[in-house]
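S.K.: Below, each chain spelled out in residue letters.
Number of protein chains: 2
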Amino acid sequence: MVKLENRTALTLWQQVVLDQVTKGAHDLSMRQFAILFSVYLEPGPHTVRGLAQKLNVTKPVITRALDAMGQLDLLARKRDVDDRRNVLVQRTVAGALYVENYGDLISRKADR
Amino acid sequence: MVKLENRTALTLWQQVVLDQVTKGAHDLSMRQFAILFSVYLEPGPHTVRGLAQKLNVTKPVITRALDAMGQLDLLARKRDVDDRRNVLVQRTVAGALYVENYGDLISRKADR
DNA sequence: AATATTCGTTTCGTAGCCGTATTATTGCAC
DNA sequence: GTGCAATAATACGGCTACGAAACGAATATT
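Sequences listed follow chains A and B, in order. Per our numbering, the very first residue in the first sequence carries number 1; after that it's consecutive. Per our numbering, the very first residue in the second sequence carries number 1; after that it's consecutive.
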């Protein structure tokens with residue numbers, strides 16, 4: 001479907017990053033983005049340990065990211081009823097909207 | 001050239017971010033990325049003030065980013081000989097290589 | 001039932017970036 | 001030359017995130 005030239009790819013990337021920075025909306029770090037997108041683009045269930053392994057980071061990183069993004073209502077925690085040690089990361093309405101808007105932004109920057 | 005579907009765009013974005021995070025190479029912040037890409041993708045000369053205006057951030061943000069990325073040898077400072085108040089942000093070999101590799105990464109994730 | 005293991009969280013000390021305000025240097029107008 | 005404007009850098013206090021280690025709760029093992 002897509003054959004992205006090197007230069008085109010970089011320009012697209014720059015446009016999107018620049019858009020986010022100029023509007024002061026760089027609230028999320030790379031790691032937080034990785035977590036958010038993983039939860040919304042891949043089938044669950046998503047646990048703290050699972051995400052930590054997937055991203056190759058320590059567990060406290062996930063815990064703290066969930067704290068931060070939970071406060072923004074982009075993600076939610078839920079105890080696993082079958083194994084109450086586990087925390088299942090849940091999607092939220094606000095989070096789904098955020099991710100979708102991000103997709104729109106990228107698409108929009110892509111056709112020019 | 002490119003018509004990127006919403007879902008496709010998001011998946012591409014996730015793949016690239018995930019790649020960077022897992023290899024522990026998320027050294028740069030969003031703002032630093034914006035600076036780096038602006039310098040390498042747009043014609044110069046680039047000054048501290050100019051970049052600050054372009055990114056809609058304060059000047060100390062640029063100064064500090066130049067300190068950080070200068071230490072990584074991704075960018076270099078050079079006094080403007082015509083107006084010695086200005087600092088011209090220069091490209092480096094290591095920086096050019098870094099940006100090019102980033103473009104390769106995006107392109108590679110894009111065709112699948 | 002006692003012990004070990006797993007899971008997520010918390011604590012601790014450290015490092016980086018932030019915004020505002022201030023400073024040093026350079027150029028310019030008069 | 002003297003005052004004034006513009007540029008980049010720095011100082012300061014605050015906030016956030018980090019990795020490593022310790023921890024409490026839940027489950028598994030024996």
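The set of hints was computed from the structure by calculation and includes no laboratory data. Any given hint could be a false lead.
Pair ranges (Cβ atoms, derived) [said to hold, decoys possible]:
id : chain 1 : residue 1 : chain 2 : residue 2 : range
1  : B       : K23       : A       : K78       : 50 to 58 Å
2  : A       : K23       : B       : N86       : 25 to 33 Å
3  : A       : D82       : B       : A68       : 40 to 48 Å
4  : A       : G70       : B       : D104      : 30 to 38 Å
5  : B       : D19       : A       : R7        : 18 to 26 Å
6  : B       : A25       : A       : K23       : 21 to 29 Å
7  : A       : D80       : B       : Q90       : 17 to 25 Å
8  : A       : P45       : B       : D67       : 36 to 44 Å
9  : A       : H26       : B       : R7        : 21 to 29 Å
10 : B       : D104      : A       : D80       : 37 to 45 Å
11 : A       : D27       : B       : R84       : 14 to 22 Å
12 : A       : G44       : B       : P45       : 45 to 53 Å
13 : A       : R85       : B       : R7        : 31 to 39 Å
With a straight-line cut-off of 30 Å between C-alpha atoms, the simulated BS3-like cross-links for lysine-lysine are [unchecked claim]:
id : chain 1 : residue 1 : chain 2 : residue 2
14 : A       : K109      : B       : K59
15 : B       : K59       : A       : K59
16 : A       : K109      : B       : K109
Footprint (simulated), chain A over chain B, 3 or more residues, beta carbon under 8 Å [what the hints assert, rightly or not]:
id : stretch
17 : 44–51
18 : 92–105
Quick caveat: nothing in here was measured; it's all calculated off a predicted structure. Here a beta-carbon is modelled for each residue, glycine too, at the ideal position from N, C-alpha and C.
S.K.: With reference to the structure, classify each hint as holding or not holding.
M.R.: Here's how the hints hold up against the structure:
no.	hint	result
1	B:K23 with A:K78: 50 to 58 Å	31 Å, violated
2	A:K23 with B:N86: 25 to 33 Å	27 Å, holds
3	A:D82 with B:A68: 40 to 48 Å	46 Å, holds
4	A:G70 with B:D104: 30 to 38 Å	36 Å, holds
5	B:D19 with A:R7: 18 to 26 Å	20 Å, holds
6	B:A25 with A:K23: 21 to 29 Å	26 Å, holds
7	A:D80 with B:Q90: 17 to 25 Å	53 Å, violated
8	A:P45 with B:D67: 36 to 44 Å	43 Å, holds
9	A:H26 with B:R7: 21 to 29 Å	24 Å, holds
10	B:D104 with A:D80: 37 to 45 Å	40 Å, holds
11	A:D27 with B:R84: 14 to 22 Å	38 Å, violated
12	A:G44 with B:P45: 45 to 53 Å	50 Å, holds
13	A:R85 with B:R7: 31 to 39 Å	34 Å, holds
14	A:K109 with B:K59	27 Å, holds
15	B:K59 with A:K59	36 Å, violated
16	A:K109 with B:K109	18 Å, holds
17	44–51	violated (count 0)
18	92–105	holds (count 5)
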